[in-house]
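Colleague: Can you make the complete structure from the sequences, with help from the hints?
Taking the UniProt record's numbering, I'd label the letters of the sequence shown as residues 1 to 292.
Calculated from the structure, these hints are not laboratory results. Heads up, some of the hints might be wrong.
Listed next, the in silico PhoX-like pairs over lysine-lysine satisfying Cα-Cα at most 20 Å (straight line) [claimed, not checked]:
id : residue 1 : residue 2
1  : K109      : K49
2  : K96       : K30
3  : K113      : K55
Here are the in silico distance ranges between beta carbons for each label pair [to be verified]:
id : residue 1 : residue 2 : range
4  : T121      : D69       : 14 to 20 Å
5  : S148      : R75       : 20 to 26 Å
6  : R75       : D153      : 14 to 20 Å
7  : G60       : T167      : 54 to 60 Å
8  : D108      : T167      : 39 to 45 Å
9  : Q128      : N56       : 26 to 32 Å
10 : Q164      : L79       : 35 to 41 Å
11 : M100      : P165      : 35 to 41 Å
12 : E61       : S24       : 53 to 59 Å
13 : R182      : Q84       : 54 to 60 Å
14 : L79       : H99       : 15 to 21 Å
Note that CB positions come from ideal geometry on N, CA and C, so glycine has one too.
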Amino acid sequence: VLSFLSFYNNVFSENDWGVSYSPSHICALKDSSVIMSCTYTYPTGHQIKKVLWSKNPVQGEESPDLSEDPEYSQRLQYLGDTQQNCTIRLSHVTQKDEHMYCFRFITDKPGGKWTGYPGVTLTVTDLQVEAPERVTEGHNVSLTCNSSCTLTDRATFIWYRNSQPLTERRDGNNQLLLQSVRREDAGRYSCALHGHSYISPAARLSVTCEYSHVSVVGRLVILYISVGVTLFILSLFFFLMAKVNHSSPHHDRHKACNVELNEPVYANEMVGVLAEVFLQKTKLSSPVAKGN
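Modeller: If you want it as structure tokens, here you go:
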């Protein structure tokens with residue numbers, strides 16, 4: 001009798017019943033497939049009659065079978081067996097699938113029921129590109145592909161600019177480094193994981209000209225001054241020429257001859273003045289040109 005009782009206690013010992021999950025927490029990308037690896041044990045002599053997965057089970061209550069739930073029946077695939085493996089695959093996960101999932105099995109013996117609690121906690125994330133709104137031409141900039149949790153599977157990130165893949169930017173790092181950016185680097189950037197269909201919303205990157213506001217204003221001021229001085233000199237020149245051409249007719253012939261003889265000389269002097277003004281304007285403008 002004692003031997004029988006000892007055998008009976010060993011058969012129904014809690015150490016003989018169990019469910020193991022690996023890992024117990026999963027962070028998955030939106031619209032991806034998730035593998036929940038699972039093994040279970042039970043006393044010798046029991047035969048498995050039913051296996052099922054449920055979500056958010058309540059102790060003391062019968063948990064519904066997810067394979068009979070319309071929201072899961074087409075996406076849940078049991079990859080295990082009726083021996084020790086209870087692994088499942090859940091496809092096209094979304095934020096609505098963020099629950100605790102537990103495996104339950106029933107044997108052919110009275111009281112032969114077991115639920116592996118706690119189970120697998122699933123978190124579903126999307127991707128977001130973090131980037132500065134604008135960067136100055138010639139500077140370096142870093143873009144980051146962020147997720148709300150650390151992805152369980154080792155991921156290879158892919159980057160897109162204006163919906164076109166940047167094939168040279170594919171690695172395990174979630175950052176994209178652009179060195180000495182040019183205007184051609186401006187655009188809408190998005191990221192994804194290799195082997196997955198989900199692509200993040202795009203973030204716009206603007207590349208601004210390297211010229212400063214001060215240098216632009218300075219060039220404009222000098223330009224306006226140069227134009228103003230030139231117009232003033234030209235106006236003065238034509239005014240004096242008109243004054244000479246309309247000299248008083250009462251001057252004697254000798255004075256008229258003197259005027260005729262002096263006109264070419266005066267014109268030459270004015271040309272010299274204009275040439276000197278032009279050279280001065282060039283000297284004023286040259287520092288700005290070097291600054292560009």
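Colleague: Output the numbers, in ascending order, of every earlier hint that fails for this structure.
Modeller: 8 and 12
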